[in-house]
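Chemist: The primary structure of each chain is shown beneath.
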Amino acid sequence: MKKLFLLHSIFLSFLVRAQNNIDTTIKVDLLKAPVSPASNLLGIAPSDIDKPTDVSAFMMSLQSATSSFTKLPSNYAIDIAPYWIFKKSKKGDITTEGFRKSSGKDVFKQTFVLSFAFRNPDSTETSLNPKSAYGGLGFKFSILRGNYDNSTNLALNKIKHLQDIKLRHLDSIITGYKANVDPQVIELRQKRKALFRSGMTPDEIQKVRESDEFKEIEEKLNKKLLEYSEKEKSEAQAELDKEIQQIASSFQTARVGWTWDIAGGISTEFRNKRFDDSKIYNGGLWTTIGYTDTTYGAGLMLLRLLHNPDKIFAKDNATNDIGNVTTFDAGFRYIYSTPQSKFNASLEAIYRSVLSSNTIKPSWRLVFNADYAIWQNQKLTFSFGRNFDGTISKDGNLIAALTFLTGFGNKR
Amino acid sequence: MATSKKNSPKRAKRNVRKTSKKSAIKKSLSLVPSTLRDATIQQNTTLDTLYVVNDSTGNITLEVNAGAEGQTSDMTIKLDDKIIAQNLAGDFPETVIGTNKKLNGQKLTIVATIADTSQETNLTSLTIHLKGGVGHADFPLSKTVDDEGASVDYLCLIEFFDPNNQ
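As given, the protein sequences belong to chains F and D, one line each in that order. For the first sequence, the positions run 1 to 412 when the numbering used here is used. For the second sequence, the positions run 1 to 166 when the numbering used here is used.
One thing to keep in mind: the hints can contain errors.
Below, a list of computed lysine to aspartate or glutamate pairs in the EDC-like style, where the Cα atoms sit at most 16 angstroms apart [claimed, not checked]:
1) F:Lys178 / D:Glu159
2) D:Lys78 / F:Asp171
3) F:Lys131 / F:Asp277
4) F:Lys191 / F:Glu219
5) F:Lys109 / D:Glu69
6) F:Lys178 / D:Asp80
7) F:Lys215 / D:Asp138
8) F:Lys242 / D:Asp147
9) F:Lys91 / D:Asp138
10) D:Lys82 / F:Asp171
11) F:Lys242 / D:Asp146
12) D:Lys131 / D:Glu159
13) F:Lys91 / D:Glu63
14) F:Lys178 / F:Glu227
15) F:Lys87 / D:Glu69
16) F:Lys279 / F:Glu269
17) F:Lys394 / F:Asp371
Sample of chain D residues lacking proximity to chain F, with all beta carbon distances greater than 10 angstroms (derived) [said to hold, decoys possible]:
18) Ser56
19) Thr57
20) Gly58
21) Asn59
22) Ile60
23) Thr61
24) Lys82
25) Ile84
26) Thr95
27) Val96
28) Gly98
29) Thr99
30) Asn100
31) Lys101
32) Lys102
33) Thr144
Keep in mind that the hints were calculated from the coordinates and are not lab data. Glycine residues also receive a C-beta, built at the ideal position from the N, C-alpha and C atoms.
Isolated chain F, as found in the complex:
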């Protein structure tokens, strides 16, 4: 009986897998802007891209790739966020309050990433000329990054409310310390002031500030203030800390509203590995505009202009054997999906064309997908649309276009 059940299960699982293999969606993701434009243009895998977080890591990365600056790297890609790496102080407001802004010069600076890539292919390389070397330069930034969603705002408001109460305690502590009559504190303050004489020049004042004696007094006073605050710390403060920690420890930011990202890059082929003999190898410009709403779903528009791409999507994703062509791809996707909702729907459209050649005609595809979860693991799906070749597609056979999917597991 057990064997029969096992065979039955295997048979059913094949059936389910076969149904799952019916791909009724279009992968609009292929139009998605690359994470690192320069390495994307030269075909370097995202896992091979160095992303240093500070100057020393950047130098280490460069040193390692060039064998201590003695040779050109063979395969090297790096993404640099100048704002975060090189600006050590006064970065602007980088707290959750500063990150609240969806647009502005801070958003541009914080999201701006430069990407560099270099490839020195060997004889095993098939897509690149092993006699040449390739260099790529790219950029990426956001113009709009969206606003915090309701749950993010709610968590921040709760933390703010608790912090406001806490500040009242801290304010009373510092007020008490300001009027401190501890003889040691008074003596230290007097000694500190006595280090400065009347008629001192700014340089002399600076020397006093840098002196060991001054620093020693300051250190003692800082310690006194710390001791005072710890002594005055109330149970209410500790309770507030706990409440804040409960919210802060699981805090995550999520954004809704308009988003707009731009990325671009260009790569050069250095013939015979000579830097005075070069030509443009390929280039690209990507932009993604989206709107996310917690009630009505999300819409995403993707535009891509490529010069001399590896694949020509308008030619059924065929390898580019034409040469220097410029292609334009556009995609739109609307997704309706809410948490815990049984009904999900999406509308996807893609337009593909070759701008610099009349031999390949532009084509487009439009598909509507919807699914409804009857139970856990069991879904009714519906798909209807137009293919690139102009034919109308409808998947499923119940009333022409419904598919019933089922899976194993508890209904829960």
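For chain F, the structure is supplied; the task is to place chain D on it using the hints.
Modeler: Below, chain D alone, put in the same frame as chain F:
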């Protein structure tokens, strides 16, 4: 098998990322000014200091930056009993708080609390910038929390002091 939120793989990954960033901060210490380096090592959260002024009518400006990336701060700033900013989330932008002459003898207090809401780092920091007196002064304070979501309180007292008019 149920995985508790505290020990979830996602949280573990986040902690690893935070620790590596923390290490990166320590690694890059040689590149930051000595004052900031000392402050980072010492983990100062209190400040009792002087800012030297002169008898001119030149303006003095104050700016306070909270950090690090993605943390949530709240601060109150007072000049003697006058409130300059109350329950301010985020940074206090560069603002004129008075002239050298007027500020002599007055005390500036800054209290701030910073909660660790960042997914990138456990470092919290508060940097006070004063300009317009005898030289510029930057007072960097910082502390790295051990526990996820913990808060750090900063208490600062700065007295404006003119050695020529004591």
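Chemist: Confirm or reject each hint.
Modeler: Now the hints, each set against the structure:
1. For the given pair, F:Lys178 sits about 10 angstroms from D:Glu159 by alpha-carbon distance, which is consistent with the 16 angstroms threshold.
2. Taking the CA atoms of D:Lys78 and F:Asp171, the gap is near 9 angstroms; set against the 16 angstroms cutoff, the hint holds.
3. Distance hint between F:Lys131 and F:Asp277 is fulfilled; the C-alpha atoms sit about 12 angstroms from each other, no more than 16 angstroms.
4. For the given pair, F:Lys191 sits about 13 angstroms from F:Glu219 by alpha-carbon distance, which is consistent with the 16 angstroms threshold.
5. Annotation: proposed proximity of F:Lys109 to D:Glu69 holds, straight-line Cα distance about 14 angstroms (limit 16 angstroms).
6. Between F:Lys178 and D:Asp80 the alpha-carbon distance is near 9 angstroms, which keeps this suggested pair within the 16 angstroms criterion.
7. The suggested pairing of F:Lys215 with D:Asp138 holds, with an alpha-carbon distance near 15 angstroms, which does not exceed 16 angstroms.
8. With a C-alpha separation of about 11 angstroms, the suggested pairing of F:Lys242 with D:Asp147 holds against the 16 angstroms cut-off.
9. Only pairs whose Cα atoms come within 16 angstroms are accepted, and F:Lys91 paired with D:Asp138 is accepted, the gap being roughly 14 angstroms.
10. Of the pairs offered as hints, the one joining D:Lys82 and F:Asp171 holds, with about 13 angstroms between alpha carbons and a cut-off of 16 angstroms not exceeded.
11. For the hint linking F:Lys242 to D:Asp146, the alpha-carbon distance of about 14 angstroms falls within 16 angstroms, and the restraint holds.
12. For a cut-off of 16 angstroms, the pair hint linking D:Lys131 to D:Glu159 stands: about 14 angstroms separates their Cα positions.
13. For the hint linking F:Lys91 to D:Glu63, the alpha-carbon distance of about 12 angstroms falls within 16 angstroms, and the restraint holds.
14. For a cut-off of 16 angstroms, the pair hint linking F:Lys178 to F:Glu227 stands: about 14 angstroms separates their Cα positions.
15. Of the pairs offered as hints, the one joining F:Lys87 and D:Glu69 holds, with about 13 angstroms between alpha carbons and a cut-off of 16 angstroms not exceeded.
16. Restraint check for F:Lys279 and F:Glu269: the C-alpha separation of about 5 angstroms stays at or below 16 angstroms, so the hint holds.
17. Pair hint F:Lys394 plus F:Asp371 holds up; C-alpha atoms about 14 angstroms apart against a cutoff of 16 angstroms.
18. Residue placement check: D:Ser56 keeps its beta carbon more than 10 angstroms from all beta carbons of chain F (closest about 12 angstroms).
19. Every beta carbon of chain F lies more than 10 angstroms from that of D:Thr57, the smallest distance being close to 18 angstroms; the non-interface claim holds.
20. Even its closest Cβ contact with chain F, about 13 angstroms, leaves D:Gly58 beyond 10 angstroms, as expected for a residue assigned away from the interface.
21. With a minimum CB-CB distance of about 17 angstroms to chain F, D:Asn59 clears the 10 angstroms threshold, and the non-interface call stands.
22. With a closest Cβ-Cβ approach of about 15 angstroms to chain F, D:Ile60 is found to remain outside the 10 angstroms limit, as its non-interface label requires.
23. Remark: the non-interface label on D:Thr61 is consistent with the geometry, its nearest Cβ contact in chain F lying 13 angstroms away (cut-off 10 angstroms).
24. The beta carbon of D:Lys82 is kept farther than 10 angstroms from every beta carbon of chain F, the shortest such distance being approximately 13 angstroms.
25. With a minimum CB-CB distance of about 12 angstroms to chain F, D:Ile84 clears the 10 angstroms threshold, and the non-interface call stands.
26. In this structure D:Thr95 is separated from chain F by more than 10 angstroms, as the shortest Cβ-Cβ distance comes to about 14 angstroms.
27. The beta carbon of D:Val96 is kept farther than 10 angstroms from every beta carbon of chain F, the shortest such distance being approximately 18 angstroms.
28. Distance check on D:Gly98: its Cβ is at least 18 angstroms (rounded) from any Cβ of chain F, clearing the 10 angstroms threshold; non-interface status holds.
29. The Cβ of D:Thr99 sits about 17 angstroms from the closest Cβ of chain F, beyond the 10 angstroms cut-off, so the non-interface label holds.
30. With a cut of 10 angstroms on Cβ distances, D:Asn100 stays outside the contact zone with chain F, its closest approach being about 13 angstroms.
31. Annotated as non-interface, D:Lys101 keeps its C-beta farther than 10 angstroms from every C-beta of chain F; the closest such distance is 16 angstroms.
32. No Cβ of chain F comes within 10 angstroms of the Cβ of D:Lys102; the nearest lies about 19 angstroms off, and the non-interface call holds.
33. The Cβ of D:Thr144 sits about 15 angstroms from the closest Cβ of chain F, beyond the 10 angstroms cut-off, so the non-interface label holds.
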